[in-house]
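Chains V and A, in that order, give the protein sequences. FYI, the numbering used here numbers position 124 of the first sequence as 124, with every residue one higher than the one before it. FYI, the numbering used here numbers position 109 of the second sequence as 109, with every residue one higher than the one before it.
In case anyone wonders, no lab produced these hints; they're calculated from the structure. The model shown is predicted, which means the values in this text are computed figures rather than measured ones. Heads up, none of these hints are tricks.
Simulated crosslink set (BS3-like; lysine-lysine; CA at most 30 Å straight-line): (1) V:120 <-> A:63; (2) A:149 <-> A:65; (3) A:61 <-> A:149; (4) V:182 <-> V:140; (5) V:160 <-> A:61; (6) V:120 <-> V:160; (7) A:141 <-> V:160; (8) A:149 <-> A:63; (9) V:120 <-> A:149; (10) V:120 <-> A:61; (11) V:120 <-> A:141.
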Amino acid sequence: MRRLATGVCMAVAVAVLAVPAHAVSVGIGAFGGASFPVVQDDNGQGSVFGVRVPVSVVPLIAIEPYFGSTHGGSKDQTVAGLTFTRDGIDVTSYGANLLLKFGGPLQFYPFAGMSSSHLKRTGLDETDTAYDFGLGLGIKLPLVGLSVDGRGELDAAVDKASSDASRKWANVTLGVTYAFAKFPPVP
Amino acid sequence: MRNLRLLLPCLGLVALTATGCFIASGQIFVHFDLPTPFSIVGADGADREFVDLNTIHDYAKHKDKLKDVSDLAVVGRFTNQGGPGGTVSVYITPGSTSLSGAANVVAGATRLWGPASIGATGSVVNIGWNESAKLFDPAGKQVLIDAAKGDGTFTIYTIGTPGVVNVIQVDNGGIILVISAGP
Chain V
1 MRRLATGVCM AVAVAVLAVP AHAVSVGIGA FGGASFPVVQ DDNGQGSVFG
51 VRVPVSVVPL IAIEPYFGST HGGSKDQTVA GLTFTRDGID VTSYGANLLL
101 KFGGPLQFYP FAGMSSSHLK RTGLDETDTA YDFGLGLGIK LPLVGLSVDG
151 RGELDAAVDK ASSDASRKWA NVTLGVTYAF AKFPPVP
Chain A
1 MRNLRLLLPC LGLVALTATG CFIASGQIFV HFDLPTPFSI VGADGADREF
51 VDLNTIHDYA KHKDKLKDVS DLAVVGRFTN QGGPGGTVSV YITPGSTSLS
101 GAANVVAGAT RLWGPASIGA TGSVVNIGWN ESAKLFDPAG KQVLIDAAKG
151 DGTFTIYTIG TPGVVNVIQV DNGGIILVIS AGP
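Using the sequences plus the hints, can you model the full thing?
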């Protein structure tokens, strides 16, 4: 986890330092939405929220460290004539996405990233490497530095015991971001 | 910049390929119903149940693609029909075995689950999915996972507290497995 966080910070720092010919902007945003387990018979629909720190290093590319928290819903299954309920899985993630942005005030962007995800419920307490990818649609508001976005993404936390298996979630979120700092190009 | 537009999809494909296409996997619920009711009788009582997961459609369907066992539980309603309070535990051996008596089970099998406490006569304990998850013994859990990934057969023994004379009836008992299966 510490290694991943260090790696993300270094990647952001290297990206910022390596591209001095363009303005660099840094923002902070919050997001929230619904989380749908994909082919998970023991985990229910839940909610997701978190914060992002988008760093635009070149006109088309942004690197976005984030923190996300998913609260999984419970799931019912019937065994021997009785219904049993299993608590949902709560996931806490620290990671970073790479966004490829197109457009002006209305932006469309595919993105992908990875994270360290901690999965927790009774009888489950493990940290997995997770990958995510998806599409986003953002609108820059007339207010300086403010934008809203909607995203659809697939998150996959790779099973520690078998790299051929993963738990997956489809997340649909809405977010708002404020770009609070811009660094001018270096001559 | 045009090349950059290909960067993300390419990175995604490389990641998927490098990790064995974990995206196509899923968590499948399967369960094995125990006879209902069954009883554990006397100070050395033990109930034996041979489990062949191959008789479960969803397991047989995904057995060749099984990657891991993500979750498991022993569930049911436990009633003390007579005698002092005590505990209930479940032991496991790979394949088909025939151990007789709680003492032999403890000596010859691996504890899978328990002990769950139960009170004196009339006490009823419902063990649900969440409660059961707390009671697994790592050693027995590994035996079960190996069996599930192997030939799919194992024997479970349900025992009371050795030396305590009581009758514990188990209703609606079952074994829950959530298997991770993929290509």
